[in-house]
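Working from the sequences, and respecting the hints, build out all of it.
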Amino acid sequence: MTESESASASASGPEPASASVSGSGPASAAPVPPQGAPPAPLLTLSGLKVHFPLRRGVVFDRTVGHVRAVDGVSLSVPAGRTYGLVGESGCGKTTLGRAVLRLTDITAGSVVFDGTDLAKLPEGEMRRARRRLQMVFQDPLGSLNPRQNIESILAEGMAAHGIGAGRKERRERIRAILDRVGLPAGSLSRYPHEFSGGQRQRIGIARALVLEPDLLICDEPVSALDVSIQAQVLNLLEELQDAMGLTYLVIAHDLAVVRHISDVIGVMYLGSLVEEAPGDELYGTPRHPYTKALMSAVPVPDPKAEDRRERILLTGDLPSPADPPAGCRFHTRCPWKQPTRCADERPALRPAGGAGTGHRVACHWAEEIAAGTLRPTGDLAAPVLHRV
Amino acid sequence: MTTRLLTVEDLTVTFTARGRRDVTAVSGVSFDIGAGEVVGLVGESGCGKSVTSLALMGLLPRRGVRTGGRALLDGSTDLLALDDARIRDLRGTQLAMVFQDPLSSLNPVVPIGVQVTEILRRHRGLRGERARAEAAHLLDRVGIPDPARRLKEYPHQLSGGMRQRALIAMAVACAPRLLIADEPTTALDVTIQAQILELLRELVDQEGTALLMITHDLGVVAGLCDRVNVLYAGKVVEAAARRPLFAAPAHPYTHGLLASIPRLDAPRGQPLKPIRGSVNDTIAWAEGCAFAPRCDHFSPACLEGTPAQAPAPDAAVPGPRSHLVRCVHPVNTATAPDAARRDGQPRPGHPPHPPSEPPGAAPAASATKEKAE
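Chains as they are written, first to last, in UniProt numbering: chain A, 1 to 388; chain B, 1 to 373.
In short, the hints are calculated from the structure, not lab data.
Please read these numbers as outputs of a predicted model, since none were measured by experiment.
Be aware that one or more of the hints could be misleading.
[What the hints assert, rightly or not] Sample of chain B residues at the chain A side, in silico, Cβ under 8 Å: (1) Gln195; (2) Gly223; (3) Pro262; (4) Leu264; (5) Ile275.
Here a beta-carbon is modelled for each residue, glycine too, at the ideal position from N, C-alpha and C.
See the structure below:
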């Protein structure tokens, strides 16, 4: 245990990102002003890394390597806006969300929330800070204690953070918030199992909102819900944002959902951000090969669009984050892979598509691909099965 | 008309338990599939789509389940009437199934190779080296690299997409004529989903396998299915070829589903139009339309017994395989085909019922809500 802690501490020591951040703060880490007049970032991540040690051996408990779940992510979430984080399972998006709340230990980098670096806060202060950063979890049933009634679930956080003087006032606030998220007033004394999936997700949202947070981290807020219920919850999140000025970090695998709700979208692959842009810009002109492939893989509920949809079929599966490919993480599956640079030089997230678009992409060849001078090496959209 | 590969007539599945009310999961579902055809069963959780597939495969428990109707293979063999031994012979050779969760459908303590060759031994009588060679060939065919090595591995050593490929390899091992895929891509990532859908499409195109695709994802349906059946609360509420269905959804439920999905190809910023309530807000089909408590086009006429299945407003030639809808007030989108997709505003052709809660709906809706809670 101590061995790995000292190892991770020494790993975080020479990290340039964490060293520079305490002084320069958001200015150094806000390279992406979104379109229009950008509000100041509420949350800024710089060089965030979360590595999990891989252990082996019973007696010596050696650390044999690290799973690089999040490996150097820098992004900023503007106040009052929604930042959408998409990626496939295993790309580290959930770990990133949990790291912001320090629910998992941060290996390196900084998480600056409203001027404070959360990564450096002592545990006690972090606990107090969590009132302003709340999380909505994917599985509404799994994240609500089945033996607590709704009032008890919602009042627990309030009592911990000293919100509301006494039970009566808390109950009033809970009533107000339940009404706000569209739950009947009689829900107070009921238990989670008595509610439908959509209603449970509303309880999860109410549980977060009752603490009057500034930032809501929604981890797959609708993926456990039926299609017709998803829209209800998405609309509710939007209404709440408008009414209460909330800032969202929405983590999801469903691109259509993320696009619908987000102002700025970041695409993650194997622990790092490969592309970031305002919603329309990203979906209009995706620049990273992975984003292109991801978007072309989403089926559209319209036969006419489906029949002419160009499909970029990726070969193979996600490589292991314990042993990520050298160079560009995506080069093992990339249809545009080039003999030079891709395999040995890790691309940085750099501005693309002109100033003012707020577009950043981590690909050596983004310009050439956009201009059409680079052709994909595999055959695209061929109606035959692609072999790995 | 030629005999269809599978004709399902009036399939009804009721779960019974002593001291409890009977639950009818599927009530009177009819559809048919021809060779090389892809038919979709679409609906949300609890609509009866999985129970339908289990009933066809003879995988429902015998006790506590009452099935009615017929499911004719080649117009003669009724799958629902077969005894266990007979249906076991058909499973694998004539019918095969791919389940949603590949990890729990595979035996975790048995190598992949043994699980694949088991089918080859049971149905094709292959043994030893010949069975192993055939298993490797099958894995290769579904795009699993290095099949000889994979045969020795256990399910946990394979990735999710790879496991689903292995399941498909097992399903097609005896060249079944009908493949039932129950949410085959729901547990997978989108890029892997695209690979698996491509594989299924290839099987249908090359082998002429009929595919019954069970899914909740209208996007998957739009790209893959020839004909689509939309299920709600155990009944087919709308059935059509895929193009008419998406161009002119006639049932308010289908219409509402399409309006409530965020779409990648639509302009951003349009608010979603959710269907209100949840699937628990329902009434028995015997009393009226089960969707009535959630429907924007509700009228008292909806509560006068089960609505009959009738040709949709846009059905050119009325017939058993044209566009059918089970609704008293079908949505007529023929007059405004483009507006049909997104907005829920009343259009010419709509019945002039107010979209807000009509007076008659309140008691029914609240009554069912109380029951559900």
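Hints numbered earlier in the text: which of these fail when held up against the supplied structure? The structure conflicts with no hint, since it agrees with every one listed earlier.
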